[in-house]
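We have chain A already, so just place chain B on it with the hints.
Chains A and B, in that order, give the protein sequences. The numbers in this note's numbering rise by one with no breaks, and the one at position 61 of the first sequence is 718. The numbers in this note's numbering rise by one with no breaks, and the one at position 154 of the second sequence is 145.
Among the clues, some could well be false.
Unchecked claim - Below are the DSS-like pairs computed for lysine-lysine, each with C-alpha atoms no more than 30 Å apart in a straight line:
(1) B:Lys64 - A:Lys802
(2) B:Lys192 - B:Lys64
(3) A:Lys711 - A:Lys802
(4) A:Lys826 - A:Lys812
(5) B:Lys0 - B:Lys33
(6) A:Lys690 - A:Lys703
(7) B:Lys192 - A:Lys690
(8) B:Lys192 - B:Lys182
(9) B:Lys64 - A:Lys826
As the list claims (entries may be wrong) - A partial selection of chain A residues facing chain B, derived with a Cβ cut-off under 10 Å:
(10) Thr676
(11) Gly939
(12) Val940
It is worth saying that the hints were derived from the structure and are not from the lab. Quick caveat, the model's predicted, so the values are computed rather than measured. Think of the CB as a built atom: it goes at the ideal place given N, C-alpha and C, for glycine as much as any other residue.
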Amino acid sequence: MKIYDMPDPQGHFGPYGGTFVSETLIAAIDELKTQYLRYRDDPEFKAEFAYELKHYVGRPSPIYHAKRLSESLGGAQIYLKREDLNHTGAHKVNNTVGQAMLARRMGKPRVIAETGAGQHGVATATVAARYGMECVVYMGSEDIKRQAQNVYRMKLLGATVVPVESGSKTLKDALNEAMRDWVTNVHNTFYIIGTVAGPHPYPMMVRDFNSVVGTECLTQMPEMVGRQPDVVLACVGGGSNAMGIFYPYIGHSDVRLMGVEAGGEGIATGHHAASLSAGSPGVLHGNRTYLIQDANGQIIETHSISAGLDYPGVGPEHAWLKDTHRAEYVAINDDEALHAFHTLCRMEGIIPALESSHAVAQAMKMAPTMSGDTILLVNLSGRGDKDMATVAERSGLTL
Amino acid sequence: MSRISATFKQLSSQGRKALIPFFSVGDPTLALCVPTMHAMVKGGANLIELGVPFSDPMADGPTIQRSSERALKNGVSLRDVLHAAAEFRKTDDQTPLVLMGYANPVEQMGRAEFARVCAESGVDGVLIVDYPPDEARDLALHLAPRHVDSIFLLSPTSTDARMREISEMATGYIYYVSLRGVTGAGNIDVKDVAQQIGRIKAVAKVPIGVGFGIRDGATARLLSEVADAVVVGSRIVEEIEASAAAEVPARVGALLNQFRIAMDA
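So that you can see chain B by itself, here it is in the shape it has in the complex:
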């Protein structure tokens, strides 16, 4: 069983939901990446999404754009992200890692090579934001034999046909985008999200995570009642932005702990 499936299974048996933090690898520095990841786990994270910095993050709001720019200024590449994952694996063999990023760095590395290094580095899943299922098929074929999951987005505007198509291809979990817009935007309509997740659950074979715009423990708590996982991204990146570098792991850990407590209450 993959680390992702094992994690969801274990949580489910405890009646708990997964807390999934996201941050851009290399922000504020590459050296702080692995310590921050360990602090996240300590704070209550069950799975970590590692953002691969890209020069043109079209689906992201200003907070994650800035964080991606800081990481690029530090010279962080896809290879560095994979290397950070491998470093983390040396001391944590349990927590699943998912790479989230844009297509072009993967295209340049080559899909086969990317899949190989993912598996070698202990990466458990890959979410390429600008690969819709049609364009992702080839990468999925490289990832599957190496037991790396292909994770996909669904959005409030996805049709039923789309939900079925993505449910057929998705492994690991499905990431439901809880609002119309970019990462970190406006207010979430929890009732609407609950209804949409109901639609997805009717066809999906994997757990459903929900994210985009989850800013506090109370919202995370409400959403964890309808979804299997809650993804927190922009809020964490804001915390990183506001912290002195040396304090990043501790402050991010403490922030996640607030979400954890709210979700488990």
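Isolated chain A, as found in the complex:
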């Protein structure tokens, strides 16, 4: 097994990552870095994290052999890592539990978060309620319209949801606004970033908290099938569920890692959110990574049927894994993801999130071209209850 020890102490993954923030945020980020490094290997912290994941989140999540789906495709065997079965319905809560535990140790009674689809906002509001913290969630006003149910869930959990009206009024603007809150209220506020992006140490920290997903797979797969999978697949927006399942597999060089981005209406149309497949390197939200941008370095509005993948950047570690060819990145468009969504509903009785449907679609595309003993492990990162309105609308229905 090869040793992989990214990032470097300054948070660089090769040329990517880093700390591209205004001086006004440096002290807050230094404090966070120091405290995270202090607690990440602290036995008491690790024990509490494991306890919370087991008893509050409901881990370990099972791996499920999607037999009917695999048989119908007539090729590789598809296995699903069931992150949709976690408390709050997605992998996001792994990270919010970890960061909220850190916030408590740092004596910060107030947490803030950005959210796109609302999954990270719900996961943050959930742990804030669990620990009795004040919670403010920034959400683009466009996303608030698309995700009314999640907005209500956050409010039920006691969070304040602040609509963001600047820029494209979506996830990236919510992140900008949360950063502005943080810089103003850093004395009492912890910023819980929901993906493996942002300035160092966020990409590393969010990856670490989510890596429980891949770590479980490392023992579950041999128990189930006697070996590791041939390919691990995960959808990539910011890339937190993908880093969570990829990271423990990076040293296993015979396991292919495949990230699936949102191809939207097709890469050629320009309406997509596939930063790695169709973007170029640049600096946004505190790190250097692949971005969807114009020739002048302005960030372009993205499109995806799934709000959770609708982001113009991507975690810097994915940029590094792409350039070093350790992981492959492909794009699945809206229609293919929807088709996979319906297929999984009908064939396996599992309603996947539209985000995760992108990874399922890629597995469905590959499986028929592979032998029957090939094993594809898909991170089913979330459940699709939140997407009912979107899917119904696509089918010409209103709920």
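Here is chain B on its own, set in the frame of chain A:
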């Protein structure tokens, strides 16, 4: 001697402090940029900070965000900002110009090319908000041989070690952020600012400007007693927002004149 150093030296010999306006190039229109700059000088500005519009201005409050959005709607790019600087230089060879913006447009142009065009366009200094010293080193190496200054921010939360590190790298002047937050926010604690500037002066080799949240002549006057320069941004951008396009140069000039009079009184 660079234009920035010459300006501070001259002001210092007169016992005066520098008045530094900021605005986003392209707001309200690109055509009004150079006339507005001349009006600023006439109103008493000693140095002008030209904001380079960016789609995701993370360190700015709502006023400057909106102004950046208006400029982007007008299609203004980094190249246009540099071109405006060059136009201004044709008729004003004295007033220093500093570009202030975010990293990504510079990254896309390429740092070497950016440094070259800055020098060619008569730009005297560059402040990239989201390049802290570690990440700015490479750009500084491109700028220095072309005599373009690297300007850095310091904030109320900067540690002593940080102040020393930034003082080592900073040329031109250091921009002290007078409050905790984004541009245009809340009230300034003048006593606190005075104390912090004292700390910076103990290590800095260049003059200290202070900005973020300076809204009136009285505050500018108080801060000019402790700093070498006062930066006014959001207040000017508000004036631009509230003015009919054709009146922008005159109204901005008049506003700056109020600050000038208060500071020189």
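Results for each hint:
1. Among the hinted pairs, B:Lys64 with A:Lys802 is consistent with the structure: their alpha-carbon atoms are about 24 Å apart, no more than 30 Å.
2. At most 30 Å may separate the alpha-carbon atoms for a hinted pair to count; B:Lys192 and B:Lys64 exceed this at roughly 41 Å.
3. In summary, the hint linking A:Lys711 to A:Lys802 is not supported, as the alpha carbons are separated by about 34 Å, beyond the 30 Å threshold.
4. Taking the CA atoms of A:Lys826 and A:Lys812, the gap is near 20 Å; set against the 30 Å cutoff, the hint holds.
5. As the CA atoms of B:Lys0 and B:Lys33 are separated by approximately 20 Å, the hinted pair is consistent with the 30 Å bound.
6. For the hint pairing A:Lys690 with A:Lys703, the CA-to-CA distance comes to about 17 Å; that is within 30 Å, so the pair holds.
7. For the given pair, B:Lys192 sits about 29 Å from A:Lys690 by alpha-carbon distance, which is consistent with the 30 Å threshold.
8. Restraint check for B:Lys192 and B:Lys182: the C-alpha separation of about 15 Å stays at or below 30 Å, so the hint holds.
9. At roughly 16 Å between alpha-carbon atoms, B:Lys64 and A:Lys826 fall within 30 Å of each other, so this suggested pair holds.
10. A cut of 10 Å between beta carbons decides the hint on A:Thr676: the least distance to chain B is about 6 Å, and the hint holds.
11. Interface restraint check for A:Gly939: the shortest CB-CB distance to chain B comes to about 5 Å, inside 10 Å, so the restraint holds.
12. At its closest, the beta carbon of A:Val940 sits 4 Å from a beta carbon of chain B; the interface hint therefore holds under the 10 Å criterion.
When the structure is compared with the earlier hints, violations turn up for hints 2 and 3 and for no others.
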